[in-house]
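Here is what each chain is made of, one letter per residue.
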Amino acid sequence: MKRFAYVARAVAWRSIHNTLVTPSVIVPSIVFPLFFLAAFAGGLSKISHVPHFDYRPGYTAFQFVFVFLQSAAFGGVFTGFAIARDFDSGFARRLLLSAPRRSGIIAGYAGGALARWFVTGSIVTIAALIAGMDVPGNASELVGLVGLGIMANVVAGLWGCGVAMFLRTEQAGALIQMPVFVVIFLAPIYVPLPLLTGWIHSIAKVNPATVVLEAGRGLLAASPVHVGLAFAVLAGAAVVMAAWARRGLASAERAG
Amino acid sequence: MTAAGPAIVVEQLVREYRKGPRAVDGIDLTVSPGEIYGFLGPNGAGKSTTVLMLTTLLPPTSGRASVGGYDIVRDGSHVRASIGAALQEAALDAILTGREHLLLQATLQGIPKATRARRAQELLERVGLTEAADRRVGGYSGGMKRRLDLALALVHSPRILFLDEPTTGLDLQSRTALWSEVARLAHDEGMTVFLTTQYLEEADALADRVGIIDHGKIVAEDTPAKLKAEIGNPTVEVVPADLSRAEEFAQALSAFGSPARGGRGSLTVQLPGGEAQLADVVRVLDAAGLHVASLHLHQPSLDDVFLAKTGRKLEGSAEDENEEPAAAAPARGRRRRGR
Amino acid sequence: MAAELGSTPANGPGLLAQIGAVGRRSITRTLRQRALLIFPMLFPLILFAINGSALNAATRIPGFPPVSYRAFVLAVPFMQGALFIAVTAGIDLARDIESGFFNRLALTPLRGAALLAGQLGGAFIVACLQSVVYLLVGLATGVGIASGVGGAFVLLALSIVIAFGFAGVGALIALRTGSGEAVQAIFPLLFVTLFLSSASLPRPLIAVHWFREVATYNPASYMIEGIRSLVITGWDGRALALGFGFGLALVIVSLGLASGAMRNRLVRT
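Protein chains in written order, with this note's numbering: chain A, 1 to 256; chain B, 1001 to 1339; chain C, 2001 to 2269.
So that you can see chain A by itself, here it is in the shape it has in the complex (with noise of 0.2 Å):
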């Protein structure tokens, strides 16, 4: 266990620290939702004048949900792209040859994502603050909205962990993007799900994307549904992608 917590934390370590010395990695992961936010809050917000859409904190609030939780993802998915990058030049496999427990690598990357979107998490939230966001939810709701955004960086990082593993290229970029983005965008992110019409419809219901982003936006308003299947549904993720990821360095390990 201990072996596991320092290889962990030496990992974590170098992601943060690269972040930090290297702005260009940080800046876009923090640039982007923002952007979304300012699109779809400012650029849709006459969205909430359709007949039955009835969010009642407001457009900005239903858009800050599901820029939060996206930031949370992407933030993970990041980090499949930096396992990717490390195993074309190399670094990889001296991690793999200097960590006594290897399964701590997986952790460790998994700690620096979260890090990482603390930092993104908070300046959206923040940016949505100063654009007036209503925010009724108390103590404990919010927390709980954090709560699912951890656990959706987890997943998603894990995710990305076992593409980059398998394929230990940086061309892994796009399939570890494309599910999850697909997966995210086929939830209802513009209007809430009994405005949805037609096919897509049909696939945000039975998308467990919709429940996360049906139970966050909940909390914010003070109004909590389907909090426990959120959680559920990520812990049930989480539990899969690291069984993804495990396979995934075991991959790499056998591959040298």
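Do not take every clue at face value.
Claimed, not checked - Between beta-carbon pairs, the in silico distance windows are: (1) B:VAL1009 with C:ALA2182: 47 to 53 Å; (2) C:ALA2182 with A:GLY236: 39 to 45 Å; (3) A:VAL239 with C:PRO2204: 31 to 37 Å; (4) C:ARG2238 with B:PRO1112: 50 to 56 Å.
Calculated from the structure, these hints are not laboratory results. A virtual CB, placed ideally from N, CA and C, is assigned to each residue, including glycine.
Position chains B and C against the provided structure of chain A, taking the given hints into account.
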């Protein structure tokens, strides 16, 4: 070239960079038609920068040079029409095939459409790439890429060929094959070859004359043999089969000079008459009934020449490894700046 | 053998022959890198499918044009495709510079204008292919072209002009920086430009004042509205004039600046 003058003339050529030292610091050289001129020096010495200037890809800061009788600044287009160049990187398109490269080059060089395909085929045969001709270059080995690079430089039958470290990174077989082709181009076809290298044996094997450059200046220039002879005579190192007879060996070898004792019982003596005296050494030892365990002839090398002129050995004396690539980069990586 | 020693003319073949040679290479490269052809075409279509359905509720906003959201947003893939073309055209050129292939071309009589025009040949082919695919997908998903068959051809022409303009932007960045990474870095900026426009809602329906102002001054809005007018309105002279105007302005400015950058990049005495 309009008359039978020198193929390349360089007078006080300088290339200076803003905030940097002079990459080329006032060099003078002349290359005769049909000659292979070896430009030897460590990384960062100014070799590639010189080549970029002579091939018109980098304007000089000051000085003059003419290539094929044309001024490199005033008559750039005529210079380019007269020369072929294989620069430091093979610079090939991984997506195109070898044949497609040659056809593209032939088109851009203005070779008539009717003869392009034939010219491409001829060059592919000449460099031994006919079987790989229709495969994408991305799958070529390093040696194949260099051969294609050479073929591309020859598409328009230039009179003067610039080769910038053409064998760097190649295995021995590929290197030797390239040397043979370069020698053939010069000796059989009368092509002038300006070759830069950091490999002593390459300059030794190929060049009719060698110019040694260091820190942007030419520190020595002559034929390899004369440069080495300037430094000293060859030495022979003898290891007796029976070490207890070392004194007898020393006495026999004293006929040639003062033998010096070395490690493991070896004795070394200089041969004032050159390597031709080696046979005499063997006869003397044989006549005295002395058996040798080993006998080595050590020639002064161009590395010894470099050491004598600069106080450093050429091999392993690479300067800041980024210096020359950075100096070469302006040809492709920078915009035109003020001199 | 026709090529005697040193017989290459210093000026080389004519401009059209040079453009043709470089253009053939560019097209060959494009067609052989299927991943670079397909993914940039597919991604805007995925977004079109998602947004076209997910934002259908927007048609119920008072003042929204009486068309499906899919018809409204069909213009956007054409613009997104143009952004991808900007990046791939730029990366291609940057790669040539980084690898030294540019130097090889510089040693021939090739003129800078021919190199630029030829390099964009691949971009032109992709722009044509993409535009046709997006139009066909739109039609297949039930979107009607209000301006008819003639309008469809004008739509293709406008989208190709816009794509060519963005290709010039990519080429400009490549020539000025010589770096593929720098070219890739502009993609987010171009993406932002596209979003801060009337891509998602008509400008009068953008409630947030600053956003509406930005969209009003954003040339991308007029390019999108030009294409959109052919789909949902019919023949709207003003929208077409603005769309073509800004599209051609982009072509002229980007290619003009790229030509200047090419002159500086192709350093030869």
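Cross-check of the supplied hints:
1. B:VAL1009 with C:ALA2182: 47 to 53 Å: violated (40 Å)
2. C:ALA2182 with A:GLY236: 39 to 45 Å: holds (42 Å)
3. A:VAL239 with C:PRO2204: 31 to 37 Å: This hint is violated: roughly 49 Å between Cβ atoms.
4. C:ARG2238 with B:PRO1112: 50 to 56 Å: holds (53 Å)
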